[in-house]
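Asker: Here is what each chain is made of, one letter per residue.
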Amino acid sequence: MTSSLTVRIGEKTGEAAITVTDEMLDEYLDAVGLPSGLLPRHPDDASRRALPPDFVPKATMNRLHAYFLVKRIGNALRTKHEMHYLKPVYVGMPVSAECHIADIYESKGRTRVVFEAIYRDECGEDCLIDRRTITILDKAVLGRFAGGRP
Amino acid sequence: MTVASFVKSFDMERMIAYSGPGNLHSSDEAAQKAGLPKAIVQGGFLVACLSELMIREYGEPYFSGGSIAVNLLKPVTAGTSVTCFLAEEAPAEDADEDAVIQCKIWMENEDGDLCAAGGATVPARARGNSA
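These protein sequence lines map, in sequence, to chains F and Z. Its first residue numbered 1, the first sequence is counted upward by one per residue in our numbering. Its first residue numbered 1001, the second sequence is counted upward by one per residue in our numbering.
Same shape as in the complex, but just chain F (with noise of 0.2 Å):
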């Protein structure tokens, strides 16, 4: 099933800078649900909270990997998600991050395609590594929707 696919493992699919904003995290907050109130401050600053770890993979993916996705590969669905959180990451703090395949496998009949993101801060160290696993959508995968994710 792979051998239609034209990425390769290694290949970079995307990269995306983001400084986010107060405005910005409680516009999160609000579709989560997440009380404000359960966010750490800034040490330094109390007036800065620090954004829920999963909100920045979750505000660059567009541009990480979901447009490559759209024109690389197809519909598809997260069937798995991982994520390592090194430091904190708060409202105005610029962060950066490249993205590349890091494992293309069959499993179940299934082909799955793993994206994996580094996050790194100003100084250059690591914040944050974002590692999920794609599930390529085809006729057999959606014909055993009702039965669970594939």
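Computed list of lysine-lysine pairs in DSS-like fashion (alpha-carbon distance at most 25 Å, straight line):
hint	chain 1	residue 1	chain 2	residue 2
1	Z	K1038	F	K71
2	Z	K1074	Z	K1038
3	F	K80	Z	K1074
4	Z	K1033	F	K80
5	F	K71	Z	K1033
6	F	K80	Z	K1038
7	F	K80	F	K108
8	Z	K1104	Z	K1074
9	Z	K1033	Z	K1074
10	F	K108	Z	K1074
11	F	K80	F	K12
12	Z	K1104	F	K80
13	Z	K1104	F	K87
14	F	K71	F	K12
Some, not all, of what chain F presents toward chain Z, calculated at C-beta under 8 Å:
hint	residue
15	D30
16	A31
17	G33
18	L34
19	L38
20	P40
21	A50
22	P52
23	P53
24	K58
25	N75
26	L77
27	Y85
Here are the simulated distance ranges between beta carbons:
hint	chain 1	residue 1	chain 2	residue 2	range
28	Z	P1091	F	G10	33 to 43 Å
29	Z	A1092	F	G124	31 to 41 Å
30	Z	A1030	F	M24	22 to 32 Å
31	F	E27	Z	E1029	19 to 29 Å
32	F	R41	Z	E1110	33 to 43 Å
33	F	E122	Z	L1114	37 to 47 Å
34	F	S107	Z	E1110	26 to 36 Å
35	Z	A1092	F	V7	33 to 43 Å
36	Z	E1110	F	L38	19 to 29 Å
37	F	D103	Z	G1079	28 to 38 Å
38	Z	T1080	F	G124	38 to 48 Å
39	F	P43	Z	G1035	44 to 54 Å
40	Z	K1104	F	S107	21 to 31 Å
Treat the hints as calculated values from the structure; they're not laboratory data. Source: prediction; values computed, not measured. Ideal Cβ positions, reconstructed from N, Cα and C, are used throughout, including at glycine.
For this one, chain F is given, so just place chain Z on it according to the hints.
Answerer: For chain Z alone, coordinates are given in the frame of chain F:
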């Protein structure tokens, strides 16, 4: 052992707010064009809910040294709710102060079906933050 849970509901308005309008996570029509019966909650949103449980339970240490890994097992659709669970695993007898707290995390739909499951870790210094 810590065991925590909370309920999260997904209406279409919330799904649009999270995923943006007009895609298979926020529009039944778009989902059907992709071959799905109706719009499904974006996988990242489900992970965010389980991550919220870790934030509620452990606070700041989770942001600096924590991790989460979730298998998305069954789609969740608009107009339904899920219950998210966290169970702290017992530390090894020889665990040192630098060890991490390991948790099982999972999510069930209204029928009790497992929709997502995996694990999460947080630095052991978070133990004092645990409820």
